[in-house]
Amino acid sequence: MTLKSLLSATALAMLPLGAGAAFAEDLPPCDNCSDSMVLMSWGGAYQASQVAAYAEPYAKLTGVKITWDEGSNEAIAKMRAASEAGNMTYSLVDVEGPDSQRACDEGLAEEIDFDKVLAAAPDGTPASKDFGAAMINECFVPQIVFSTTFGYRTDVKEWNGKVPEDLCAIFDLQTFPGMRALEKRPKKNLEWALLCDGVSKDELYTVLSTKEGVDRALAKLDTIKDHVVWWSAGAETPQLLADGEVVMGSTYNGRLFSAIVEQKQPIAMLWDWEVFDFDGWVVPKGLDEAQKNRVMHFLNFATDTQRLADQAKYISYGPARASSQPLVSKHATLGIEMAPFMPTNPANQKNYLVNNIEWWADNQDAVEVAFQNWLSK
Amino acid sequence: MSLPVYATAGQRLWHYAFRVICGLIFFFLIAPIIIIIPLSFNAQDFFTFSPEMLRLDPAGYSLKHYHDFFTNPDWQLPLWNSLAIAPVATLIAVSLGTLAAIGLSQSHVPFKGTIMAILISPMIVPLIISAAGMYFFYSRVGLQGTYWGVVLAHAVLGIPFVIITVTATLVGFDRSLTRAAASLGAGPVRTFFMVQMPLIMPGVVAGALFAFITSFDEVVVVLFLGAPGDKTLPWQMFTGLREQISPTILAAATVLVSISVVLLVTLEVLRRRSERLRGMSPT
Amino acid sequence: MTDQTANGPMLAADGTPLKQSLNRALRRQKLRAFLLIAPLLIFVLVTFIAPIGDMLFRSVQNDIVADTLPRTVAALSKWNAESGAPPEEPVYRALASDLLIAVAEKTHTQLGTRLNYEDSGFSSLLRGTGRDVDDMGEDVTKALVAIDPIWDEPTTWTNLLGEPAWVSAQADWDKAGGKTAEPPFVLSPVAQQNLPLTSAAFADFARVMQTVKNDSPTEKRPWNTVAIGLTEDLKANPAAAGAFGTEWQPALSAIVAAAQMGTIPAANFTAAFTESDKAWATPQPWSIIKIFSPRFTSGYFLNAVDLKMTADGIAPRADSERVYIMLFLRTMILSLAITGTCILLGYPVAWLLANLPPRTANLLMILVLLPFWTSLLVRTSAWKVLLQQQGVINDLLVWAGLVADENRLVLINNQTGTIIAMTHILLPFMILPLYSVMKTIPPSYLRAAKSLGATDWTAFWRVYFPQSIPGIGAGSILVFILAIGYYITPELVGGAKGVFISNRIAYHIGTSLNWGLAAALGSLLLIVVLVLYWVYDRIVGIDNVKLG
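If you're matching them up, the sequences are chains A, B and C in order.
So for the first sequence, the working numbering puts the first residue at 1; every next one is plus one.
So for the second sequence, the working numbering puts the first residue at 1; every next one is plus one.
So for the third sequence, the working numbering puts the first residue at 1; every next one is plus one.
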């Protein structure tokens with residue numbers, strides 16, 4: 001995993017160069033392809049960026065009917081269920097890195113011949129090279145680099161003018177009273193809890209690999225349990241923050257960007273120990289031939305250099321293709337520079353974690369049980 | 001219920017206190033439903049009354065959430081799906097249910113208790129259990145994630161209501177009417193359509209309304225059985241509530257409340273008609 | 001209705017005895033009633049009762065262990081879990097053979113997930129070992145290649161072990177580039193007879209290559225288990241080296257010689273597994289596999305009541321894993337609380353409705369029926385909006401000065417939210433049965449009691465209230481039955497602590513995919529509901545259910 005090197009490369013490449021000229025639309029023909037697709041994604045601002053950058057253009061060019069399902073939080077479960085039921089209802093599923101690993105390990109996702117399916121960069125660099133380190137397994141077609149971080153309200157009277165400056169403010173009910181929003185999954189929460197319980201970054205997964213380590217993280221979370229609203233969709237935290245239902249909460253950096261910049265809510269971002277990850281597509285197994293052809297045709301279009309760069313005009317996530325990065329520039333409608341909001345911006349990388357894909361793929365089942373049991377007590 | 005003239009001061013006090021308590025309970029019942037109606041006209045994307053709304057300033061009100069509801073495909077697709085599922089499910093439930101109710105009302109039906117228990121069971125078994133069972137079983141037979149899977153499931157959930165309402169109209173049914181028809185030379189089919197049917201019609205229509213609303217409001221089963229393309233209105237509201245509350249939900253809710261009011265009035269009219277027809281004069 | 005008119009004491013109109021004629025009419029009537037009911041009965045049985053039966057079946061079904069690890073299960077049958085020692089080498093080898101197939105088919109992860117329900121950590125164990133199993137016994141293959149490089153060639157193995165007709169068919173398929181259906185692998189009878197271990201291992205390998213990978217067995221060197229099988233077959237039966245004709249004799253004889261000299265290392269899967277994860281050196285994972293190898297299990301039901309099966313019998317689960325009894329109790333307590341508030345709020349309203357003049361009562365009845373007819377989601381949305389910290393109720397309280405702005409009440413995402421919203425939703429189900437019972441209580445009884453000198457309270461408590469108890473009973477059971485099965489409302493307003501057992505069932509179906517446990521929890525809930533339903537039938541009668 002050399003996500004780190006990719007991160008710095010992205011940051012360098014993000015000097016504003018102006019948007020590339022729109023490509024001439026010469027879509028290759030699609031033989032024996034179905035005329036509809038069901039895409040599973042994350043809903044909210046992220047899905048909106050996908051619609052704007054490539055789903056709608058694709059639908060316009062081909063006339064294909066695209067149905068969206070906002071189920072990516074439970075992507076693995078839904079794919080497993082559909083595959084057990086023998087009726088794969090999704091054509092293409094948007095998942096984050098560890099989930100793609102699980103889908104691949106469990107035989108739920110197709111292995112993809114990257115250079116055959118995906119478009120090469122404009123200069124002819126084959127896709128597998130252009131995506132580079134983002135290709136974390138043979139099933140995963142990367143789209144973006146994102147981070148999970150915290151947002152907080154800037155107008156909380158009880159804080160007496162103080163604002164959270166580091167991650168552990170989450171656990172500080174004295175200085176920062178109020179409700180928090182945390183994800184209803186163990187991933188990231190356990191790491192943050194241990195970091196604030198004095199575990200160093202390097203020992204994190206060694207500690208978490210023992211039952212005592214998990215218990216220790218849960219004990220730390222216990223200290224704020226009564227002050228937490230648990231979310232399961234990325235759109236919830238920005239909404240809860242905007243409604244004043246919580247004063248701080250974790251979510252994806254792009255969602256906070258929308259709430260702060262597009263909706264002008266009194267919210268600010270906390271860049272400390274944010275967790276980096278890739279997000280991308282997997283093709284579920286069990287599609288019929290026509291569906292599969294359609295999906296591959298779409299993937300070729302939706303992950304080409306220009307389209308991935310286009311997506312970054314709508315949401316502050318870094319494109320996963322090296323060749324897309326010079327094309328990232330300003331927000332599509334607001335005209336502001338996107339760079340300061342990107343997870344790849346060096347100023348935002350004081351402390352950070354990189355999602356440990358292998359550890360989570362191996363240990364998710366066990367940790368999930370412990371977490372859910374803890375949650376319902 | 002009126003207060004007798006000889007009531008003591010304490011009795012008077014209690015009399016009025018009791019009415020106030022009942023008034024508050026009625027308020028508790030109805031206020032949450034009423035309050036979403038003005039909120040759905042909020043010009044802003046909030047869920048509480050804005051100062052402009054409280055001042056009754058027209059600028060505080062707008063139809064934009066309704067506009068969104070009736071133009072946004074995120075809401076239109078579910079609305080049309082609901083309208084494609086509920087009538088078909090209702091048709092199945094009513095046709096099979098009415099026949100069976102007539103059969104059940106005959107005097108000598110073997111195992112009547114057991115049969116009744118089986119037919120009513122979809123109403124008694126918690127929805128989550130029905131949904132789980134159907135999910136497992138319909139997966140095996142390839143109905144999971146299909147339109148027909150949802151329709152069949154909704155039909156069976158509506159059946160107890162049809163059975164109950166139609167049986168209720170048949171309880172007061174005067175059997176000599178069919179005998180009279182038979183003695184006048186009408187065949188069983190003709191007797192059914194000319195004599196029995198008009199009399200049980202109110203029960204059938206009431207059952208149909210119940211079956212329709214059951215399907216139209218149902219969310220648990222469709223969450224498990226439906227494919228993303230078969231998303232219904234309650235499903236969309238459920239995901240909306242769980243994930244991203246947009247005030248359009250309140251517009252959708254207001255539309256649904258209006259539908260409920262129409263159905264309620266229809267039912268009331270039918271009930272009176274049925275009582276009149278069966279000679280049970282309304283008190 | 002075709003009733004016969006009997007005009008004689010003994011004979012019917014058509015001359016048959018009356019009794020016989022009546023019997024026939026009765027039979028016909030029964031048959032007709034049955035024919036009218038049959039379509040619906042079949043429909044309900046197929047679309048509803050069969051699914052419920054399927055759920056009951058899922059709660060005990062447990063095929064995955066026996067299907068994924070058949071050799072291991074067979075080998076473990078001789079092992080005694082109580083011995084305190086891990087099993088012998090053949091069991092390790094059987095697991096290696098099973099895992100090679102399972103990893104290729106990617107079913108070992110599913111098995112890991114299944115066994116993780118019983119022993120947390122099993123999923124990681126199988127995933128980790130699954131990555132290593134390909135390399136186990138590598139030194140044997142290397143030793144063979146050192147003796148003769150032909151053993152590195154995939155075609156050596158297919159030519160030696162495959163039927164000649166299949167070998168040529170496969171060669172044609174390879175040449176054609178895999179456009180047509182691949183000819184399924186066939187073992188040569190000679191190999192099967194002389195090299196039984198080799199043949200069995202290779203047949204598995206070839207099948208997996210062809211069906212799972214859609215690839216040709218001529219393209220990849222077989223698993224190490226095949227090389228190990230060959231070494232052992234030739235050691236046990238040196239004569240087999242001559243059975244394949246002169247072209248194979250030298251190569252096979254060289255292996256026989258090396259095996260006899262001991263230059264080929266013996267496969268040691270015990271060591272290989274222990275190296276992969278030291279848990280394999282303990283009896284724990286093996287006893288889990290053995291306990292859960294039968295095709296039917298009580299494991300899910302035990303889990304549903306916070307117990308588990310261990311080598312020493314049934315034992316309670318660890319404290320941190322005990323949640324289901326607590327959840328069942330919470331569901332019961334919250335449902336009772338909801339039923340209680342429904343009685344408190346429903347009784348006065350029902351009394352008022354039953355004692356007002358019909359015209360006014362009918363008008364007020366609409367206030368009860370409208371919520372009853374309004375979509376559940378509409379009512380839940382309303383409460384979600386009202387109960388928020390920045391919602392209408394808190395705004396009102398702050399405006400009235402009852403609550404300070406910075407101390408707004410937390411009314412949602414906790415048990416308060418669940419109780420308030422569900423009381424509202426279920427209240428009509430309490431009022432309607434109460435009302436219909438109260439309608440039947442003659443007001444003259446109260447007047448009689450008062451005229452005999454009873455105070456208002458005594459008259460109510462000793463005369464009216466006892467007569468309304470059937471209504472309370474019917475309403476309470478109805479509300480309670482509905483409440484304990486609720487899912488949507490607690491999910492939306494209950495947060496982490498205001499959720500019911502139903503939410504846990506939904507979680508296991510949709511998210512954790514522990515369908516067996518979901519089915520077991522569902523079955524237990526179903527039993528509770530059916531008992532209550534039976535009680536309800538006894539008290540009220542299902543025929544008396546009234547709607548609106």
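Worth flagging that the hints you see were computed from the coordinates, not collected in a lab.
It should be emphasised that the depicted structure is a prediction, and the values quoted were computed from it without experimental measurement.
Be aware that a few hints might be false.
Stated by the list, open to error - What follows is a list of derived Cβ distance ranges for each label pair: (1) T263/C to D123/A: 37 to 43 angstroms; (2) A176/C to E262/A: 54 to 60 angstroms; (3) V171/B to L402/C: 36 to 42 angstroms; (4) P346/A to A400/C: 50 to 56 angstroms; (5) P73/B to S168/C: 54 to 60 angstroms; (6) K116/A to F46/B: 20 to 26 angstroms.
Stated by the list, open to error - Simulated pairs of lysine-lysine, DSS-like, Cα-Cα distance not exceeding 27 angstroms: (7) K308/C to K179/C; (8) K292/A to K201/A; (9) K220/C to K225/A; (10) K213/C to K116/A; (11) K78/C to K292/A; (12) K175/C to K116/A; (13) K213/C to K211/A; (14) K116/A to K179/C; (15) K497/C to K211/A; (16) K213/C to K285/A; (17) K116/A to K106/C; (18) K188/A to K377/A; (19) K220/C to K116/A; (20) K225/A to K116/A; (21) K292/A to K106/C; (22) K157/A to K264/A; (23) K497/C to K285/A; (24) K211/A to K450/C; (25) K112/B to K308/C; (26) K264/A to K64/B; (27) K213/C to K129/A; (28) K30/C to K377/A; (29) K220/C to K179/C; (30) K497/C to K188/A.
Positions of the beta carbon are idealized from the N, C-alpha and C atoms, including for glycine.
| said: The hint says 54 to 60 angstroms between P73/B and S168/C; measuring C-beta to C-beta, is that right? | reply: The hint (54 to 60 angstroms, Cβ to Cβ) holds, given that P73/B and S168/C are roughly 58 angstroms apart.
| request: Compare the distance between the alpha carbons of K211/A and K450/C with 27 angstroms, and conclude whether the hinted pair is satisfied. | output: violated (70 angstroms)
| query | Between K157/A and K264/A, does the CA-CA distance stay at or below 27 angstroms? | reply | holds (19 angstroms)
| Is K213/C within 27 angstroms of K116/A, Cα to Cα? | Cα-Cα ~19 angstroms, so holds.
| Does the Cβ pair V171/B, L402/C satisfy 36 to 42 angstroms? | Given range 36 to 42 angstroms: violated, Cβ gap about 52 angstroms.
| message | Need the status of pair K213/C, K129/A: alpha-carbon distance at most 27 angstroms? | response | This hinted pair holds, its Cα atoms lying about 25 angstroms apart.
| task | Sort out whether K308/C lies within 27 angstroms of K112/B, counting only the CA atoms. | result | violated (42 angstroms)
| message | Just to be careful, I want the Cα atoms of K220/C and K116/A compared with a cutoff of 27 angstroms; is the pair within it? | response | holds (23 angstroms)
| task | Mind checking the alpha carbons of K213/C and K285/A for me, to see if they're no more than 27 angstroms apart? | result | Since the Cα atoms of K213/C and K285/A sit roughly 13 angstroms apart, the hinted pair holds (cutoff 27 angstroms).
| field | Distance restraint between K497/C and K211/A, which requires alpha-carbon spacing of 27 angstroms or less | value | Answer holds: K497/C to K211/A is near 24 angstroms, not above 27 angstroms.
| said: For a C-alpha distance cap of 27 angstroms, please report whether K497/C and K188/A respect it. | reply: With Cα atoms ~22 angstroms apart, K497/C and K188/A stay inside 27 angstroms; holds.
| message | K220/C and K225/A were given as a pair; does the straight-line alpha-carbon distance stay at or below 27 angstroms? | response | violated (54 angstroms)
Violated hints, listed in ascending order, are 1, 3, 6, 7, 8, 9, 11, 13, 20, 23, 24, 25 and 28; each of the other numbered hints is respected by the structure.
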